[in-house]
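Start from the sequences, fold in the hints, and give me the full structure.
Protein chains: 2
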Amino acid sequence: MKLSNRVNSMKYSPIRKLSPYAQAARDKGLRVLGLNIGQPDIETPPQFFEAMKNFDGKVLKYSESRGETVLLDSFIKYYKSIGIEFEHSNMIVTNGGSEGLYFSLYAICNPDDEVIVPEPFYTNYSSFTDIAGCKVRPITTYGEDGFHLPSREKFEEIISDKTKAILISSPSNPTGAVYTREEIEMLADLCKEHNLFLISDEVYREFVYDDPEFFSPLEIEDISQRVILIDSISKRYSACGARIGLVASKNKEIIDAIMKLAQSRLCVPTLEQIGAATLYETPQSYFDEVKKEYQARRDVLFEGISAIKDVQVKKPTGAFYMIIGLPIKNAENFCKWILEEYSYENTTLMMAPAEGFYLTEGLGVNEVRLSYCINIEDLKLAVKILESALIRYKETQE
Amino acid sequence: MKLSNRVNSMKYSPIRKLSPYAQAARDKGLRVLGLNIGQPDIETPPQFFEAMKNFDGKVLKYSESRGETVLLDSFIKYYKSIGIEFEHSNMIVTNGGSEGLYFSLYAICNPDDEVIVPEPFYTNYSSFTDIAGCKVRPITTYGEDGFHLPSREKFEEIISDKTKAILISSPSNPTGAVYTREEIEMLADLCKEHNLFLISDEVYREFVYDDPEFFSPLEIEDISQRVILIDSISKRYSACGARIGLVASKNKEIIDAIMKLAQSRLCVPTLEQIGAATLYETPQSYFDEVKKEYQARRDVLFEGISAIKDVQVKKPTGAFYMIIGLPIKNAENFCKWILEEYSYENTTLMMAPAEGFYLTEGLGVNEVRLSYCINIEDLKLAVKILESALIRYKETQE
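Protein chains in written order, with the numbering used here: chain U, 1 to 398; chain G, 399 to 796.
Because the hints were derived from the structure by calculation, they are not lab data.
One or more hints might be untrue.
Distance condition first, Cα-Cα at most 30 Å in a straight line; then the derived DSSO-like pairs of lysine-lysine [said to hold, decoys possible]:
(1) U:K2 / G:K648
(2) U:K2 / G:K560
(3) U:K77 / G:K451
(4) U:K28 / G:K459
(5) G:K650 / U:K135
(6) G:K400 / U:K192
(7) G:K650 / U:K336
(8) G:K400 / U:K154
(9) G:K456 / U:K250
(10) G:K415 / G:K713
(11) G:K451 / U:K61
(12) U:K309 / U:K292
(13) U:K77 / G:K456
(14) G:K778 / U:K61
(15) G:K778 / U:K58
Selected chain G positions facing chain U (Cβ under 10 Å, derived; list incomplete) [unchecked claim]:
(16) R414
(17) F447
(18) N493
(19) Y500
(20) C532
(21) K562
(22) I656
Positions of the beta carbon are idealized from the N, C-alpha and C atoms, including for glycine.
Quick look at the structure:
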């Protein structure tokens, strides 16, 4: 009984891959600082829990396949507040941003079709294309450019008859890059010229620091029929465990097609939607506080990392990730070694080896992705651990 | 921008297809009895809601991809109580039974591989194979046989190199058939002889009436590595809106492969799992009451339908569905006509045309699937509406 090629070619998550090593470290009595995962420690707005507690139904019924009306209404208000007009028929509530992504890929790609994705990219993008039998065609971005997009010509070199879409994440997981208006307009032009969809994963929309303004492809009127928006409440409201996302488009044909996929899984959990519908009422002060906190964390982590000898890093401007280059051969071995062999003040460190975020063989081997979802004191400690571990690791390798 | 073949070939749900007609009837002021959908009206055990209300975390975090430990533990206890031994590594919590089903299909089927499914079948089985690029190979069952399985020879006629699995639902949605021990043993033999998986959708396990004992392929020791179990709390505890299911197998290789798929969607909602973990404590009296109620409903509906002239029906022994043959040409037209043109005591009827449950062209055209998830008084009224509507419809057709 052989398993399918698609599942054999899929990889285990690079973010969760080292979990057994972290557990072993904890079992030895060590504290493990988790810089591997984008699980915010920020409090979820309390009205989410209150709404669920106030539910007074006796029967937990199926929801609508498109989503609960109260939640769709609250998404409409949210988008209106950022200048985007949607109606119910433009949107389908999904099980996290993930489901919106694979629904979109299933709806537009035949087997062997290609989707161009700037690499390094969120690994599950290629998990979803593996499932759908289509392919990610990576276009490499580089740390020294702050992981910004390559030129239009580089894109045109790899666009073919098989290309169906360009898929971007901005602010980016895993790089923290925020694409400029000019970059987004370049992509828009490409999509128009080559008749492509533009899938825009905007789940980190609010997490933009310093100067750059977030610019969405949704703001470009004449490609509105090409843009598929992927969104989620997970990061915005620190509600990852609710698994509430959204796929939306001005193109009703694509939303109608995705509706068939949505009907096949019946619906998203009813109570989570009722909770999520209240989140639109979250006051601006919550976001201001959260943004201030993440920005301070980014600064502390960036300054700390920059001061470590021979480590390459550019200041990221969004989300809560950075990819850094280490002065070692193989980051995965190093990450395992830290968890197994190294501690400082009875504490060790879990990082995500960045190789898993690249599709091109051989790239990212000496890189790690760090998330800054832990508090500032712990981030400072993490920098110290990394710095001293690098010195010790070099000694052990000599 | 063309959409994918897979999504073009998918159909909208036959169960939800007539919803706009039902809404129009409601807008005219009519009551609509919903015999189309398997949404139980039974109360969800209250400890589910209590557990969610008692959650005192401040951050709604991701759960584990395999599922919350408390929920996995409660599933272990549940299976132990019915004589089946599972460990955590045998199970993955899924977004409803649906996700377990498509995870299983994605994990075992390459494009163009086939899965044999007795028809009529739950439509989404073929939605999932459409997505995965594999195929349902239907094997027809008939109302006059109570929708029991055809002979072993009939199966062998359609088993080929492309066949990867046999997929069954027993007690069956949409037919209400419960396969006998002999039928299950015949399938087990086939799977051994032809090296196939046996996917067993047992979400209606508790809903068995009259004599027949439910028999699961899990009870056959020497095919334990071939059986993939699909389960869900939706019907058992009347908690459809929780979207908590389970995929389980003694074959750890298949569960490990499905784990990659589970990681790609991160996790199932955390709070729903915490609620679901309490359901194992539901007292036996709950099930006794529920079963008594459904059995009484089945009897009322069956007796009522049997008494209608020229309607074909055999008494189903499980789940809460029956498929009946009507003395008309096209059941979908009739179902629309009732909603648009007919009422009795200011009430009309929504049924699911059964054609959508068949894959073989031309079958089920005069059939409807009825669910008995509404109370007995309404079921009696539904029978009256159907009987009088058939008479009137015939007049309009003459």
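For the pair we were handed, K415 (chain G) and K713 (chain G), check the Cα-Cα distance against 30 Å.
26 Å, holds
Distance restraint between K456 (chain G) and K250 (chain U), which requires alpha-carbon spacing of 30 Å or less
36 Å, violated
Holds or violated: K309 (chain U) to K292 (chain U), with C-alpha atoms at most 30 Å apart
Given pair K309 (chain U), K292 (chain U) holds - Cα atoms ~28 Å apart, limit 30 Å.
Straight-line alpha-carbon gap K28 (chain U) to K459 (chain G), limit 30 Å
Holds, at roughly 25 Å.
Take the shortest C-beta to C-beta distance between R414 (chain G) and chain U; is it under 10 Å?
Where the cut-off is 10 Å and the nearest Cβ of chain U is about 6 Å from R414 (chain G), the hint holds.
Hint check, I656 (chain G) versus chain U [nearest Cβ-Cβ separation less than 10 Å]
8 Å, holds
For a C-alpha distance cap of 30 Å, please report whether K400 (chain G) and K192 (chain U) respect it.
The given pair, whose Cα atoms are some 14 Å apart, holds under the 30 Å limit.
Hint validity - N493 (chain G) Cβ closer than 10 Å to any chain U Cβ:
6 Å, holds
With a cut-off of 10 Å on the beta carbons, see whether C532 (chain G) makes it to chain U.
Hint on C532 (chain G): holds, closest Cβ of chain U at ~9 Å, below 10 Å.
30 Å limit on alpha-carbon distance, applied to hinted pair K778 (chain G) and K61 (chain U)
24 Å, holds
Is the Cα-Cα distance between K650 (chain G) and K336 (chain U) 30 Å or less?
25 Å, holds
Restraint check for K2 (chain U) with K648 (chain G), where alpha carbons must lie at most 30 Å apart
Roughly 16 Å between the alpha carbons, so the hint for K2 (chain U) and K648 (chain G) holds.
Going down the numbered hints, you'll see the structure goes against just number 9.
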